[in-house]
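**Student:** As a plain string of letters, each chain reads:
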Amino acid sequence: MKKLLYKFALLAALLVLMNWIYGKFFFKNDLLKHSDEVQLAWNIAHDSCAMVYTGESSNHTFAWADKDRRKISDFIFDQFPEMRCGDITKDASHAEVYYYLLKHIPDDSPVETVIVTMNLRSFGYNWIESNLETPIQKQLVLLKDNPPLVNRFKLAFKAYDMSTNAERAEHRVYHRNHDTLVFPYNFEYHTNYEWDYNTNRKGIMNADGTRNQEKTLLAITFIQQYAFQIHDDNPRVKDFDNIVELARQRGWNLIFNILAENTEQAQNLLGNDLVFLMRQNRDYLVNRYGNLENVTVVDNLEAVPDQYFIDRTFTTEHYTEAGRRSIGDNVAEAVKKYY
Amino acid sequence: MLFNSIEYVIFLPIVVMLFYLLPQRYRWMMLLVASCTFYMWFVPAYILILLGTIIIDYSAGILMEKHADNHKLKKRYFVISIVSTCLVLFIFKYLGFVNDNFVALCQALSLNVNTTVDLILPIGLSFHTFQSMSYVIEVYRGNQKAERNFGIYSLYVMFFPQLVTGPIERPGNLLRQLHEEKKFEYDNISKGFRLIIFGLFIKMVVADNVGAYVDMIYADPGKYSSWDILIGMFFYSFQIYGDFFGYSTIALGSAKLMGFCISDNFNTPYLSKSIAEFWHRWHISLSTWFRDYVYFPLGGSRVKFGRWAYNIMVVFILSGIWHGAAWNFLIWGAAHGLLHIVEKAILNHIPEKENRGRLEKIIVDGFKIAKTFLLVTLFWSIFRATSFANISELFQALFNNFGVTEHLGIESSIWVYLGLFIVMDILLFNSRFDRWCDKRPAVVRWAIYFVLIFMIIACSSVNNFPFIYFQF
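Respectively, the protein sequence lines represent chains A and B.
Using our numbering, the letters of the first sequence correspond one by one to residues 506 to 844.
Using our numbering, the letters of the second sequence correspond one by one to residues 116 to 587.
If we strip away everything but chain A, and leave its shape as in the complex, we get (with noise of 0.2 Å):
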């Protein structure tokens, strides 16, 4: 037993050698080959940016129609020409991304602002399990707060959660079907799965009585999106209590954009119970992080008008020109507090 103990205790020590020839030596090539997206955190500090701009697809989307195909951070941007600034944005990504990606930013860049995208629909169990998760998991290992042969080894052996397509459908239809949804008045439905599974057994209607399928689906998504409510547990609040924590560290100014949702059509299509969810979710993300020191929380939910909503089947953050400039506009006016 004591030649055993004697071994393990080598092997402990053979184990942080091999730590530091790995993070010496080949962690930053695994971390191009696995977490390429930790570049975007890098060209930051290469570029000496003074304000970054985190966010997913809604940053970069376009109308084929717009004039200026810009990003939303590039017309906030516009209103700092004196300050280098640049962007981390992601296609599908939320705020344990933005987290690490945050992280990763050097500690001697010069950084003071730092904006990042909340998006509403990420609370709901229809992001939070997407299919897209996996990967993101798998690329997020190498990113985390442990020692470099650490993060190798989990991602080597699968130390993520790893759960297969089906088993993350199981999940969204579980809590579909068990979150209960709390209304301060009588409403019919009380979880997503009962309104969905309501709405399309009785349809949306025509004026002349006849079902609109379409409408009917376009509802349908609706729900299955926004009809949730924020809690304290949600695991995106926890990201974005991490943020603040971050940046309170680093002394960042930290702005926090809530972005646009289609709420006009949401009470086209639902009337007003749809709505009431997304305003209850875009007021707890204002009281838990608008009172902050060094947090300012831009309210943008309704800020853009139905016909700035590029994709018209299903519910995305995607705007034209108006739209990004707009939202644009709002965020550049709470940044310039800072300056």
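In short, the hints are calculated from the structure, not lab data.
A hint or two may mislead.
Said to hold, decoys possible - Away from chain A, derived, C-beta distances all over 12 Å, residues of chain B: (1) V213; (2) K388; (3) I456.
Said to hold, decoys possible - Here are the computed lysine-lysine pairs in the BS3-like style, where the Cα-Cα straight-line distance is at most 30 Å: (4) K476(B) / K298(B); (5) K507(A) / K486(B); (6) K538(A) / K554(B); (7) K554(B) / K507(A); (8) K643(A) / K595(A); (9) K298(B) / K507(A); (10) K508(A) / K298(B); (11) K743(A) / K572(A).
All C-beta atoms, glycine included, are put in the ideal place defined by N, C-alpha and C.
With the hints as your guide, set chain B onto chain A.
**Tutor:** Then chain B, alone, in the frame of chain A:
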């Protein structure tokens, strides 16, 4: 639970610690619970199928022994047991295949038949049914006493290190050891650890890294040049070897940690000089199972050439079908059988020249090894293909897309891993990694551990490749 998963990294040390901490009389219970947990990690419901075969074969064993004097009755229990175990295997593994072919035949005859069978194959079914059958056969033959302890018999079928992809153990080896008291010995821990890291290296660094390129080639062979196809075929030979040999070595190591010796499944098969020798070195536990329970009862080699050839074809076709319910496995098995017969026929007419000089022997042996490896590689392409169209596309690309342009974008590190594996395989000729290490000085051993552990962590593939033999 996969051997190369974080769950197993946590599970195994806990089981080993509990094993040594518990008194002997409780150990089998703990191992049985651990084995059930291990199996149920995949799909919990499958354990009911396993339980069904265990109950049948356990009861058959006792009944056969009880009626040892009544041959007719004994034989009846034996047949019931074998037929029911084979039936389970047939329903879950072959019924879909038989149904599909029946439907295809009916449609060819313009008959309107359209039945479907959609059963999921429980993991490792072919392995544990064969292990179970070997117990029944041995009891029937009187070579093995029937096991009275249902728990220990269940553990014999379900022992987690070899439950899902073997080695297929015989009761004479494993069942006996399950009754023995295992004392804590440093040597077992050391050897078990060596085997596990070597197995993980082969699986995670070699097999999984080359596997990514194999998948690319087989997904769309027409896109690639002859050179790419050759590389893909060559890589697959090492992928399947690394994958299965790696799994078996981890299984050996896991059992060794608790003092259990399970059978070697591989012995440098790619250094074989003939197909016959290849099958003495590849998946040894399956080859010997077929040899003892099919080939010998058919008459083995002590018959005329024609009958012997028939015996060989039966064994190889069965071996092919054992791997999977598809025509490509059957053809793969038949091809090996045919080649085995051709080799023997040639040897019968052109006897081996004796008293060769050293250099001449090296050259001739080298040529034979290369020839066997190339033929085995060629046959693996049939084994790996997803359909006849896939095989056809692969060979069309091989012979039509002449060129040596490499489109695969193979990283140079892959050649290093492969080279290292080949060198180790040559060094381990007729030996085993743990025993080979015994003969090296401590500094060399620890240097090897360092390199292997470092490579397992830093160089392993990050793609999720399940063990190839899980599907069987």
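**Student:** Among the hints numbered above, which are violated by the structure, and what are their numbers in rising order?
**Tutor:** Violated hints: 4, 5, 6, 11; rest satisfied.
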